[in-house]
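K.L.:
Here are the chains, one letter per residue:
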Amino acid sequence: MDALQTLDALPASADSTSALLRELVAHLAQNRTQLREEWVRRITEAKLLTAMSRDEIFAEATSVYDSYVEALETRTLEALERYAQNLSERIIPRGVDTNEVVGIVLLLRDVLARSLFAKYHTDSALLARVLDAYEPAANSIAITVAVGFVRERERVIREQQEAIRELSTPVLQVRERLLILPIIGLIDPLRARQLTEQLLRAIRANRAKVVVIDITGVAAMDANVANHLVLTVESARLLGAIVIVTGLSPEIAQTLVNIGVDLGKMNTVGDLQGGIEEAERLLGYKVVPAGEGQIV
Amino acid sequence: MEVPILKQGPYLIASIQDALTDADLIQLRDALVEKVGRLRARGVIVDVTALDVMDSFATGTLRDIADMIRLRGAKTVIVGIQPEVAFAMAHMGLSLEGVITSLDLEEGLSHLEHQVKTASR
Numbered sequence: 001m002d003a004l005q006t007l008d009a010l011p012a013s014a015d016s017t018s019a020l021l022r023e024l025v026a027h028l029a030q031n032r033t034q035l036r037e038e039w040v041r042r043i044t045e046a047k048l049l050t051a052m053s054r055d056e057i058f059a060e061a062t063s064v065y066d067s068y069v070e071a072l073e074t075r076t077l078e079a080l081e082r083y084a085q086n087l088s089e090r091i092i093p094r095g096v097d098t099n100e101v102v103g104i105v106l107l108l109r110d111v112l113a114r115s116l117f118a119k120y121h122t123d124s125a126l127l128a129r130v131l132d133a134y135e136p137a138a139n140s141i142a143i144t145v146a147v148g149f150v151r152e153r154e155r156v157i158r159e160q161q162e163a164i165r166e167l168s169t170p171v172l173q174v175r176e177r178l179l180i181l182p183i184i185g186l187i188d189p190l191r192a193r194q195l196t197e198q199l200l201r202a203i204r205a206n207r208a209k210v211v212v213i214d215i216t217g218v219a220a221m222d223a224n225v226a227n228h229l230v231l232t233v234e235s236a237r238l239l240g241a242i243v244i245v246t247g248l249s250p251e252i253a254q255t256l257v258n259i260g261v262d263l264g265k266m267n268t269v270g271d272l273q274g275g276i277e278e279a280e281r282l283l284g285y286k287v288v289p290a291g292e293g294q295i296v
Numbered sequence: 001m002e003v004p005i006l007k008q009g010p011y012l013i014a015s016i017q018d019a020l021t022d023a024d025l026i027q028l029r030d031a032l033v034e035k036v037g038r039l040r041a042r043g044v045i046v047d048v049t050a051l052d053v054m055d056s057f058a059t060g061t062l063r064d065i066a067d068m069i070r071l072r073g074a075k076t077v078i079v080g081i082q083p084e085v086a087f088a089m090a091h092m093g094l095s096l097e098g099v100i101t102s103l104d105l106e107e108g109l110s111h112l113e114h115q116v117k118t119a120s121r
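Heads up: the sequence lines are chains G and B, in that order.
In terms of my numbering, the first sequence has 279 at position 279, counting the first letter as 1, and numbering is strictly consecutive.
In terms of my numbering, the second sequence has 33 at position 33, counting the first letter as 1, and numbering is strictly consecutive.
Bear in mind the hints are in silico, worked out from the structure with no lab data behind them.
Honestly, I wouldn't trust all of these hints.
[What the hints assert, rightly or not] Residues from chain B shown here face chain G by an in silico Cβ test under 7 Å; the list is partial:
(1) ASP55
(2) PHE57
(3) PRO83
(4) LEU94
(5) SER95
(6) SER110
[Claimed, not checked] When the alpha-carbon atoms are kept at most 27 Å apart in a straight line, the in silico DSS-like pairs for lysine-lysine are as follows:
(7) B:LYS117 - B:LYS7
(8) B:LYS117 - G:LYS286
(9) B:LYS117 - B:LYS75
(10) B:LYS35 - B:LYS117
(11) B:LYS35 - B:LYS7
(12) G:LYS265 - B:LYS75
Beta carbons: idealized from backbone N, C-alpha and C, even for Gly.
Given only the sequences and the hints, what does the whole structure look like? Please build it.
P.N.:
Set out below in structure tokens:
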């Protein structure tokens, strides 16, 4: 990002460039209303930002336009970066897509370039110099906004991943000293580590003697994760808890056999019900029907 | 550092308080194996709650202790392995196979009680 912090890295000599940019800024400020309307018209035409109303687009366009001109004027991107982040925070939850954000910034660039062309087309040498000054600056601005948007999206995605991870690893006590750990979905090495940590901590906290790990919801796992599962079973045993693994899919059974796991260490039962029954047996529980039930 | 060995009914309890050198471990082993016969103990508990590292020598010695105590006619339970230590041990392949492990001292004692009861029945 450092390279984008300043707009000074321009091909023409610095002095004439800044003079040109000043002139440019004056031109853009003068024609603010007209250029802004032209821009909004083209946004609507291109069917961008459909999630927003016309008034909202106009209000957003005004702020973007002003930040854009300000970035050209002050030749720093910091304020614009902040604005881009703020804008992204507001519009991402409304389902605005990356192509729309990049699209509107490029449209603004085009609208402004057109107006420069209209103004200077009589003097092609001057036009070329104006464009030399304008284009790199405009491109940096477009990149800044796009990167700001993508970053914000990535931040949101990371947060969601984190939330999903925490949601997806409950350790539940079903009876005194009996925990179940239902695992659903894909297990990557990070999630596998978290699962182990959570399980071992829960064993201590709940003084569990038997743990049923149900992996019915896991379609397949690679050798690394399978190995990790075996290590988890061994670690739990060191804490004095017996682990019963239930719901192994045929693929996972193959993986476990292929990595040559010592089956003497793995306690497996076909399904969760069987696992809980086996756990109850180990703990000395005996579940018997108590006469007539409530539901007939 | 010498590890204190306490007698609690028919059981011996060795509670490790600090990191041990290899020589300390050997000394602990010898003391336990000797006392278990002299005090006619039925079971031995080694409490490792205070250890935050377990290397291959320590686990090897713990296994030796368990095997020797078994030959002397008693049972051994290792208690208080920390979750992180447990995972590190499993990772290094030091999983103390064949040795009984329990969550803490209380669990270890109740495990021994249970063993003695079922054996004398």
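K.L.:
Hints first: check each against the structure and report whether it holds.
P.N.:
Hint-by-hint comparison with the structure:
no.	hint	verdict
1	ASP55	15 Å, violated
2	PHE57	17 Å, violated
3	PRO83	4 Å, holds
4	LEU94	9 Å, violated
5	SER95	4 Å, holds
6	SER110	10 Å, violated
7	B:LYS117 - B:LYS7	19 Å, holds
8	B:LYS117 - G:LYS286	21 Å, holds
9	B:LYS117 - B:LYS75	13 Å, holds
10	B:LYS35 - B:LYS117	22 Å, holds
11	B:LYS35 - B:LYS7	10 Å, holds
12	G:LYS265 - B:LYS75	21 Å, holds
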